[in-house]
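Peer 1: Protein chains in written order, with this note's numbering: chain A, 175 to 297; chain B, 29 to 111; chain C, 516 to 1013; chain D, 4 to 144; chain E, 36 to 133; chain F, 15 to 495.
Keep in mind that the hints are not guaranteed to be accurate.
[Said to hold, decoys possible] Just some of the chain D residues that point at chain C, by a computed CB distance under 7 Å:
hint	residue
1	Gln21
2	Val69
3	Ser75
4	Thr78
5	Leu79
6	Gly82
7	Ile89
8	Ala93
9	Pro94
10	Phe95
11	Leu96
12	Gly102
[Stated by the list, open to error] Okay, the calculated beta carbon distance ranges per label pair:
hint	chain 1	residue 1	chain 2	residue 2	range
13	B	Leu50	D	Met86	43 to 53 Å
14	F	Arg163	C	Gly551	45 to 55 Å
15	C	Glu521	F	Arg72	41 to 51 Å
16	A	Leu294	B	Arg108	12 to 22 Å
17	E	Leu48	C	Val755	47 to 57 Å
18	D	Met86	C	Val558	15 to 25 Å
19	C	Val755	A	Leu294	15 to 25 Å
20	A	Asn244	C	Leu1007	48 to 58 Å
[Unchecked claim] One-sided excerpt, in silico: chain F residues whose CB lies under 8 Å from chain C:
hint	residue
21	Gly79
22	Ile160
23	Arg163
Hints are computed from structural coordinates only; laboratory data are not their basis. No residue lacks a Cβ here, since even glycine has one placed at the ideal position from N, Cα and C.
Letter by letter, the chains look like this.
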Amino acid sequence: MRILLDKLLVNYPYFAAMILFIIGAFTVMTRSNLFKKLIGINIMESAIFLMFIAAGNIRGGAVPILDEANPQAVYINPLPSALMLTGIVVSVSVTAFALALIIRLYQSYGTTDARRIAELRKR
Amino acid sequence: MGFTAVDYGTMVMLLILIAASLAMYFIKDLLHAVIVYGAYSLIMALVWLQMNTPDIAITEAAAGIAMTVLMMVVISRTSRKED
Amino acid sequence: MTTTIEAHLPVFVVIMPLFVAFILPTFARRIRLVEGLVTATTVLGFLGAGYLASLVLIRNGNPISYSLGGWPAPWGIQLSVGDLSCLFLLMVASVSLPVALFAADNMTHEVGGPQRATRFYVLYLLLGGAMAGMAVTSDLFNVFVLVEVATLSCCGLVSSSNQPRAAEAAFNYLILATLGSALILGGIGFLYMITGHLNMGFASQELNRVWQDYPHVVWMALSFLLVGFGVKSALFPLHVWLPDAHSAAPSPASAILSGLAVKGYAICLIKVLFNVFGIALIRDLSMHRILTLLGMIAIIAGSLFALTQDKLKRRLAFSTVAQVGYIFLGLGLANSMSLTGTLFHMASHAVIKSGLFLAAGAIIAATGKDRISEMAGVGKKMPITMAVFTICSVSLVGIPLFSGFIGKWNLLLGSLEAGNRLAQAVIILGSVLCAGYLFPIIRVAYFEPAPAADWQDPGLPQKTALILLAAWVMILGAVPGPFLELAKRAALDLLVVK
Amino acid sequence: MRDFILKRVAALLLPFIQMYGLYVILHGHVSPGGSFAGGIVVGLAFIAFTTIYGLERGRAKVPEKVTTLVESYGTLWYGIMGMVGIFKGAPFLANKIAGIDLGELGALSSGGLIGLIGLGVGIRVASTMITLFSTMMEEES
Amino acid sequence: MKLGTLAMLLIFLLAAYVVLVAVAELPPYGMVGNPSHNQVSQRYIENAWEETGVLNMITAIVLDYRAYDTMFETIVLFTAVLAVIITLKTTEREGGGK
Amino acid sequence: MTDLVLALLSGAVGGILIGLMPRAGNRLRNIVALVFSAAGTIFSWRVAGAVFAGHTIRISGEIAGLAWSLQPDPLGAIFGLIVSTLWLFAGVYSFGYMAGEHKQRTYYTYFLLAFSVTLGVAFSGNLLALYLFYELLTFVTYPLVIHERSSEAMKAGAKYIVYSLSGAGAILIAIIVVYSWTGNLDFAGGPLLAAGGLRPGLGWVLALFVAGFGVKAAIMPLHRWLPAAMCAPTPVSALLHAVAVVYSGVYGILRVVYSVFGHELMGQLHLSDILPWVASFTILVGVIIATQQDVLKRRLAYHTVSQLSYILLGAFTLHPWGLAGAICHMISYSTLKVTLFFAAGVIAKRTGKVRVSEMSGVGWQLPRTMAAFGVASLGMIGMLPLNTFWSKYYLMRGSVAKGKWQLALVLITSGLINAFCFIPTVVAAFAGERGQLSLEKGSETSLMLAPMLLLAGIALLIGLWPGLVWPGVEAVVDWFF
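The following block holds chain A by itself, in its conformation from the complex (with noise of 0.2 Å):
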């Protein structure tokens, strides 16, 4: 237990970062509301996004932004950064989508509540 706690402070973004991923995961399953629901959805994507971020990060690296002044410097990995610029463009048109479809049954069955709904669907 002492050696799990002791890697996970070494690892403390990824800790962290699942710990966000199972708070976003409990409240989409977990909390009826569908915006809840949607910000669930978001904590959990986000979540990953600080896991990748993570992954590429260099400790005391720079930027990755070529510095000519600087020719020494370490730069940090770039790519898991490349990937989550198309990862956070993902969740924006999800989110847009879902709160689209969420006016939709607003306007359909006036709450924005999935069990209320579901009882007044099969009504």
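Position chains B, C, D, E and F against the provided structure of chain A, taking the given hints into account.
Peer 2: Just chains B, C, D, E and F now, kept in the frame of chain A:
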């Protein structure tokens, strides 16, 4: 394990992130939850700035604001309370 | 000119539908032109896929590689067209052509106006392009992006139906699918963190070298990917979004969702499992047992749920859950026979399920009734539609001479080779249950007295589409030729220990 | 009165916000930021304009027809830039390999096609934000 | 409902433990010698400026090395916009602008 | 070869033709049906003649890389002969019975299609073709089972489909196993599995095969669909549920025992000691249940269950005499049982009586029908002038020769119970008062009567002159031993 000041700063911000995410779980007022979400994404952007990726930080800040704005628009058009 | 096209064909089959999709909104007012363009695109896609398949068959299985932007493999994104890709491309093309034809006539009616219909077609082509991209890509992150395009367009297709029910189904689908994509991205992240590669081939080499240092991480990555793709391809306990989504969507959309979209994610999973982890690692982690078990549960449970549904499209949707079980079962048995069976069953199920959904759509559109118990006499009034439905059902049950039989035959041979008696029993039980939920529909339609109503077969384009699918089912059953050959070779390719 | 101040301040600030957005788009390859972030900033400027001056005037500035065209052709623009590679006998989306002059390192015009692609994506993202916002704001049509 | 949430909480805590065990095994955070800092990232860092002509390596990757991904990224956005429009514009105004 | 194709096609073509002429009058339809069933009969006789003359007729091909072939051997030829002959008789009988019934077009369509498919079962030369036709038979006969469209009929149909498909599934597994062992499913080259000798799992394969075909052959725990299916029209019950469908199951088991396993390999399996007892159990219990039934058709159905196991018993003795008895019984029993059903149909049609307890006095109103019924009843006991005597004789001889004299005892006992089953009915029919029963329409029509009497006559003829069928039986026995 020699943590530097940057590490400690990042840790504190990560703790704030976790607190914010828990807050979003518990807050009943959706508008407040969305405002907390805006703060969350801003802090996330700061964390990434700490991690030497200003590109992503800028993008996340912009995208976070955009999403917050959109969510607020939608909340203004639907109900604000969670029931 | 032709040599240029041939050289760039792997990327053309992906971007051509996308390009057409971008220019469609300009012509929203002229719906006939839009329909013509969509149909022409699918025809071109079919020709391209067929040509690629013939190239690959002539090259004797050597995959065609294409480096995008000219960057070689570990740095840039590489497309690789092998047997598996060709099989899937052909499958996409052969299903999307009839579906486009079918949509041509009543789409405007079904979604409520020419502009909405145009948007529907745009989403349809985007989905097609994403599917083609999934078939040819060999880059892990590219898989994620394509999966996202596919997911969003699927949800858009579901919500294009103008009912509140569809919006709810689309929301549930979107949330669960995004949860799945987050898991997929997490799995890819784990893999990237321990291998440092995103190209499948390089990642596989590196993974097989280092995996013993990180056993838990590998296990975690595998389960993240399995659950993520499992949600998207409706593996049994994770299928909850599917019945609502597929039954609420407009009929052509249901056909394409049940027939193709689900398979696209399954293909991605196959690529990740066999091309990245590799068969040896799957065996070491005894992942194949889990897959087999999940597949068997899915077959039985999906069929039982299907039996209890009275709504026609819901029953067909649950049937998809059961058939996805066959795919996972075959993956889990993990030998050349079972993989051949799985791949072939994928192709044949794509055609069959599209036919079933299109026929169901035609019936519902003509009669206005969506319950099976109300369908008495449909067989008399709509002979062609019901004949197609019957052919497809018989094929899904797995009668010889029809396409479903060949897949099941190979699956059975595979389960025999794996020494799994239970799997054999489940495959057969699945067939019997399949007959149990499909034949009552046929019985009601043909053998119960018809009410006096003016129901008719749909118009000529839809009839053509239905007949095309039925003919395709028969052709796959009688002369599966290149399809079976591709499936066999792809199965052998997947099993190569790297 | 409150409205008046808001409108004056907005009239002063919004051009600068847009300038900043365009700057971020155009300097994506020499400094942090990029087309996506810049596009969102430009879009947000329009959104702010719309919230302050009302949906009608916002729509008048950027009609729906324009956004639709920018949406589709902005995305197509990316593909066309990719086709340049094919026309020059190189793979899809090729840049240097296709023989395009990369320009002087660090300058605004460096990077060959990258700047063009980035500009297209930026404008497209801006129009996307506007479309999303106004579609969600509009009352049931 | 409360009981269901509690059960879910237990499941998620279990999942969290499993995930954390895996996370503890990952290569240590922020070290130069991690597997992901391999020849792939080295090439981006060392050659990006002469191969693509831009200083920002992230832009170089996004718009050149992996431009195909970015194309699909914009397509995702396009898809989302279409899906939003198709969801919200349920009726068509006759003759009105699109 | 042309004969083979024509024999297989004539039923299918006729059926589709009838299906495609919705407005045709009954008369025209009957003529078409008669012409095509006669054609099928003639061509299958020619095929059988060629086979017995020693010619090889073979059509083969591939679907999806799996070889199929049609190659009748003597066993198949005999089955084809029985089927085609009886189909002709049943067709003629149908013209009388079905007159005035509803849905005649559907009836004749599937009647002729089923003819083709059954001939396909008989002539198939490998396991895949056999499986294909066996599976098709289920679907083609389903509309005939539910012909009445009552809820009872629908239930029976559902039962029939579920039982048959489960059985087909078991067969499919077994075929897969055989295929993976031998890579070949053809019957022509002698027993398939004989070359491999004993291997683990053989017993399971045999059990799967027997269970799968046993569904249609109505082996005792799997027989339940058969009495339920008796709600079909009488010609259907007579032909399909007493002969064609159930025989395809029996035929499948014969094939499995002699063409897939071979009698030598069978002899080495433990299971082959048990199987005769399963058959005996079915024989005894089936006939005992039959005596309890009051509805005549149900009684006949349970009796069918019992009699089919005679054939299986003969097959399971693995002795030439036993096999000869089985083949003889296939021929004799079919003629007699069809006669019985035809008679039951005439009684039901003319007097409206379906229960045995109501039948006193019927014999005086329908004398010729009841006479035929009596002859057939005697045959079921195994009395000398009738053909079943010979089959029982060979069955007993075979079982005694194998050292299983208990089986002979079973046969004798069952013969006695058979006497209790039918003789009282016949006696009551003639003994009762010449009641004032009013016939619905005139007397027996010739279209129904002629096939019935003819069949009874054939049964008598074979009984008196067994040499008529003996060469065929001998050919089959020689083929397998």
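Peer 1: Could you run down the list of hints and mark each one as holding or not?
Peer 2: Each hint, compared with the structure:
1. Gln21: At about 26 Å, which exceeds the 7 Å cut-off, the nearest Cβ of chain C leaves the hint on Gln21/D violated.
2. Val69: Check failed: Cβ of Val69/D comes no nearer than 13 Å to chain C, outside 7 Å.
3. Ser75: 5 Å, holds
4. Thr78: 5 Å, holds
5. Leu79: 4 Å, holds
6. Gly82: Result: holds, 6 Å to nearest chain C Cβ.
7. Ile89: 6 Å, holds
8. Ala93: Holds, about 6 Å.
9. Pro94: Holds: closest Cβ of chain C sits about 5 Å from Pro94/D, inside 7 Å.
10. Phe95: 5 Å, holds
11. Leu96: 4 Å, holds
12. Gly102: 11 Å, violated
13. Leu50/B to Met86/D: 43 to 53 Å: 49 Å, holds
14. Arg163/F to Gly551/C: 45 to 55 Å: Holds, since Arg163/F and Gly551/C (Cβ atoms, about 47 Å apart) stay within the stated range.
15. Glu521/C to Arg72/F: 41 to 51 Å: Roughly 46 Å apart at Cβ, these two residues keep to the hinted range, so it holds.
16. Leu294/A to Arg108/B: 12 to 22 Å: At roughly 20 Å between Cβ atoms, Arg108/B and Leu294/A fall inside 12 to 22 Å, so the hint holds.
17. Leu48/E to Val755/C: 47 to 57 Å: Violated, at about 23 Å.
18. Met86/D to Val558/C: 15 to 25 Å: 22 Å, holds
19. Val755/C to Leu294/A: 15 to 25 Å: 19 Å, holds
20. Asn244/A to Leu1007/C: 48 to 58 Å: 53 Å, holds
21. Gly79: At 6 Å from the nearest chain C Cβ, Gly79/F passes the 8 Å test, so the hint holds.
22. Ile160: 6 Å, holds
23. Arg163: This hint holds: Arg163/F lies near chain C, its Cβ roughly 7 Å from the closest one there, short of 8 Å.
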